[in-house]
Amino acid sequence: MSLSPTGALRHSGSLFAMALDVVRALPRRPFQAREFIQQAWFVASVTILPTALVSIPFGAVIALQIGSLTRQLGAQSFAGAASVLAVLREASPIVTALLIAGAGGTAICADLGARRIRDEIDAMQVLGIDPIHRLVVPRVLASMVVAVLLNGLVSVVGVAGGYFFNVILQNGTPGAYLASFTTLAQLSDLWAAELKALVFGAISAIVASYKGLTAKGGPKGVGDAVNQSVVITFMLLFVTNFVMTAVYFQVVPQRG
Amino acid sequence: MGVEICVEGLTKSFGHQVIWQDVSLTLPAGEVSVMLGPSGTGKSVFLKTLVGLLRPDRGSVTVAGRDITRLREHELYEVRKLFGVLFQDGALFGSMNLYDNIAFPLREHTRKPEGEIRRIVLEKMDMVGLIGAEGKLPGEISGGMRKRAGLARALVLDPEIILFDEPDSGLDPVRVAYLNQLIVDLNAQIDATFLIVTHDIASARQVPDNIGLLFRRELVMFGPREQLLTSEEPVVRQFLNGRMQGPIGMAEEKDAAQVEQELAQLGEHHGSGEHTGTPGSQDLPPRLLPGPGITRPPRWQAIARREAEPRRREVTGA
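From first to last, the protein sequence lines are chains A and B. Taken in order, the first sequence gives residues 4 to 259; the numbers are from this note's numbering. Taken in order, the second sequence gives residues 109 to 426; the numbers are from this note's numbering.
Since the hints were made in silico from the structure, they are not lab data. Quick caveat: nothing in here was measured; it's all calculated off a predicted structure. Ideal placement from N, C-alpha and C gives every residue a C-beta, glycine not left out. Just to be clear, a hint being listed does not mean it is correct.
What the hints assert, rightly or not - With the C-beta cut set under 8 Å, the calculated list includes, among others, these residues of chain B facing chain A:
#1 Val159
#2 Glu183
#3 Tyr185
#4 Arg188
#5 Lys189
#6 Val193
#7 Gln196
#8 Asp197
#9 Ala199
#10 Phe201
#11 Gly202
#12 Met204
#13 Tyr207
#14 Pro213
#15 His217
#16 Phe330
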């Protein structure tokens with residue numbers, strides 16, 4: 004990887020160009036249904052368990068922090084409301100993003116990178132098959148779908164974990180916790196979170212595919228590509244998250 | 109009948125490093141050509157440029173009336189259906205077994221029923237002698253089998269042009285001989301235009317109609333096999349005889365003074381009449397002909413007649 008400014012610009016440019024290619028190849032027939040299902044299953048199978056295992060302590064940490072904060076402020080009745088809000092709006096898209104990039108993206112990047120250095124990608128192009136259409140599009144769609152579903156999973160597990168820690172371990176009142184659920188959070192929060200997850204899924208799959216398809220220099224090159232793809236994806240995801248959150252607050256009126 | 113490939117003024121560089129420049133040649137339709145060159149002279153790059161995987165800096169590659177270097181991406185995918193390419197390690201899809209690998213282009217490009225796909229795949233597998241290995245994964249078979257499977261996959265769409273990227277690398281001499289025979293047999297059977305990129309001299313001497321030599325960032329010579337094999341050009345002679353003396357060094361980049369010295373050395377060796385003892389390039393090695401089971405098209409019948417003739421003359425002359 005070159006460290007010159009033009010090199011960085013060129014890489015950003017080609018990454019963006021590939022994202023456009025993916026969008027252009029999206030409606031092209033025949034749709035690779037088989038590859039899509041295989042990839043969706045694959046990405047789901049590598050992410051579901053870690054996601055569930057990460058979101059339980061994540062929900063618990065939020066519950067602990069908010070439980071103690073609300074007690075300090077004397078607003079215990081809002082413990083449930085605040086914890087749902089935190090899990091739904093930020094925690095679940097971020098956890099989803101980390102896992103979809105860390106578990107799904109790395110697998111995609113390593114797979115495509117290995118195919119690239121074994122000349123499989125070249126062979127495919129020579130056989131008259133566009134790897135963007137055949138390989139990348141199904142992966143991007145699979146990653147988006149799985150991200151949306153994972154986001155739902157994280158929300159549920161996170162809220163349940165929060166309830167468990169607040170009510171059982173911190174002796175909160177179950178009724179008050181449940182009753183305050185909807186005082187701050189609203190349905191549009193969920194939609195916004197799902198939209199974030201959708202975008203995160205797309206970004207992580209596109210970056211992983213780009214890095215995988217441009218891997219070079221043998222097995223070490225694939226390792227480097229995976230490494231870079233995770234770093235780049237994380238940076239992009241956190242920036243995107245910030246922008247989307249800022250836009251969300253401008254567009255959707257808040258309660259209270 | 110195969111398709112002619114016309115290359116004109118082709119130049120390729122990566123950054124400031126020129127790979128080769130101003131390469132012009134015509135691969136005649138239906139004939140077997142070999143592109144030779146020391147390691148690292150960009151033979152594979154040349155091959156990838158021919159199929160449009162890499163874009164050259166200048167020049168044109170004309171196939172079936174269309175310039176590969178100027179085509180848009182989707183037109184390129186259409187033209188590439190004329191090509192079959194055998195990559196160095198076969199480039200099989202690691203996740204599929206051999207049968208699915210070979211059936212892949214058919215399933216992607218045609219709407220043939222599975223029964224007909226099966227018939228075609230088994231026919232091509234039979235051609236390359238892989239019957240019985242349909243269910244094997246590429247990781248479970250030897251390098252030679254992977255190459256043959258890659259060849260079967262390249263053949264499955266009935267290409268007009270077949271490109272071989274070092275078909276003999278990593279194979280033992282016996283397998284190389286079998287593969288060469290297979291290439292000749294295939295050429296007699298399907299009549300496509302063949303280009304073989306290699307640095308194996310033995311194959312280059314026996315198999316092709318035409319030989320080209322890439323060296324020092326340019327095409328030193330391209331022409332009929334006889335012309336190259338009897339050439340007095342130092343680079344060509346050195347390479348075809350596999351000697352150390354001559355312009356080609358261990359490292360690709362040699363300075364001019366060293367080349368002078370090498371050439372002088374070569375002259376001395378010539379002066380002492382040493383080269384008469386080595387298997388000289390003057391006597392043409394016999395050409396490899398299609399096997400007995402193969403029906404020879406007119407082109408190969410003519411070659412077989414020409415092959416038989418001078419030998420008879422030699423015998424009567426002596």
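Please flag the earlier hints that this structure goes against, numbers listed from lowest up.
Result: hints 2, 12, 13 and 16 break, sorted rising.
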